[in-house]
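Colleague: Protein chains in written order, with the working numbering: chain A, 1 to 108; chain S, 1001 to 1116.
Simulated from the structure, these hints should not be mistaken for lab results. Hints should not be assumed to be uniformly reliable.
[Unchecked claim] Computed cross-link-like contacts, DSBU-like style, restricted to lysine-lysine with a CA-CA straight-line distance of at most 30 Å:
no., chain 1, residue 1, chain 2, residue 2
1, S, K1044, A, K3
2, S, K1044, A, K52
3, A, K69, A, K52
4, A, K3, A, K69
5, A, K3, S, K1062
6, S, K1027, A, K69
7, S, K1071, S, K1027
8, S, K1051, S, K1027
9, S, K1051, S, K1071
10, S, K1027, S, K1044
11, S, K1062, S, K1051
12, S, K1044, S, K1071
[To be verified] Partner residues aside, some chain S positions facing chain A, computed with beta carbon under 8 Å:
no., residue
13, F1045
14, M1060
15, P1061
16, R1064
17, F1065
18, S1066
19, P1096
20, F1106
21, F1107
22, G1110
Nothing here was measured: the structure is a model prediction, and the numbers come from that model. Where a beta carbon is used, it is the ideal one built from N, C-alpha and C, also for glycine.
What follows is each chain in one-letter form.
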Amino acid sequence: DAKTTQPPSMDCAEGRAANLPCNHSTISGNEYVYWYRQIHSQGPQYIIHGLKNNETNEMASLIITEDRKSSTLILPHATLRDTAVYYCIVRWGGQFYFGTGTSLTVIP
Amino acid sequence: NAGVMQNPRHLVRRRGQEARLRCSPMKGHSHVYWYRQLPEEGLKFMVYLQKENIIDESGMPKERFSAEFPKEGPSILRIQQVVRGDSAAYFCASSPLGREFNTEAFFGQGTRLTVV
């Protein structure tokens, strides 16, 4: 599975959009991009996933660049409850390999 | 529709005892993954099972660890002769289809094992 690179930590003001970047320069054509988050060492929570088109659901939007070497998770209106570690994972048919993720802190 | 259920949530074992961790997947899900998270570390894949079959156990330690997912009942992760280094959070995830279909997997709240 391709590896991902994420900044170790980010801050975001409450009510603002949180944009979390992820680099996956070695991604192959069949590999999907998944995002999960983990709050206070609870079980990881699925957020969104996509292959090449941008995706949106009730939680977030996923923007994947045309060359698919990077992506951005967007939380449109961050709240304090969005404070968590966010994991970007690329996967095709294999396990979910969790890296170290980005620790997002939403500031009041 | 209940989520993935893991029990117990907390488990304390003395060195040398056995630990049994249970995972009931979401209704309709027949694929289960087990992960381990050591303190201050990320989640590490251990094993992937389908009903009555181990599909991938490449992340399982070679000794003392075993997993099963019987036709009836929950998936079980068994750790024999536990040592202090086994202290960790163990997470189970389930999905409705095999990993080749690229569906999302849903995680339980984990079992926190403490070996004293």
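Colleague: Taken at face value, is the distance from the CA of S/K1027 to the CA of S/K1051 at most 30 Å?
Modeller: With Cα atoms ~13 Å apart, S/K1051 and S/K1027 stay inside 30 Å; holds.
Colleague: Taking 30 Å as the top limit, are the C-alpha atoms of S/K1062 and S/K1051 close enough?
Modeller: 22 Å, holds
Colleague: So if I understand the rule, the pair passes when the alpha-carbon distance is 30 Å or less; does S/K1044 with A/K52 pass?
Modeller: 26 Å, holds
Colleague: Taking 30 Å as the top limit, are the C-alpha atoms of S/K1027 and A/K69 close enough?
Modeller: 36 Å, violated
Colleague: Once the shortest beta carbon distance from S/F1107 to chain A is found, is it less than 8 Å?
Modeller: 4 Å, holds
Colleague: Need the status of pair S/K1044, S/K1071: alpha-carbon distance at most 30 Å?
Modeller: 26 Å, holds
Colleague: What's the verdict on A/K69 and A/K52, does the C-alpha distance respect the 30 Å limit or exceed it?
Modeller: Holds: A/K69 and A/K52 sit about 10 Å apart, inside 30 Å.
Colleague: Mind checking the alpha carbons of S/K1044 and A/K3 for me, to see if they're no more than 30 Å apart?
Modeller: Within the cut-off at roughly 14 Å; holds.
Colleague: Does S/M1060 meet its interface restraint, that is, does its C-beta lie within less than 8 Å of any C-beta in chain A?
Modeller: 12 Å, violated
Colleague: With a cut-off of 30 Å on the C-alpha distance, tell me whether S/K1071 and S/K1027 pass.
Modeller: Distance of about 14 Å is within 30 Å: holds.
Colleague: With a cut-off of 30 Å on the C-alpha distance, tell me whether A/K3 and A/K69 pass.
Modeller: OK: A/K3 and A/K69 at ~11 Å, within 30 Å.
Colleague: Minimum Cβ distance from S/F1045 to chain A below 8 Å?
Modeller: 4 Å, holds
This entry does not satisfy hints 6, 14, 15, 16, 17, 18, 19, going by the numbered hints stated previously.
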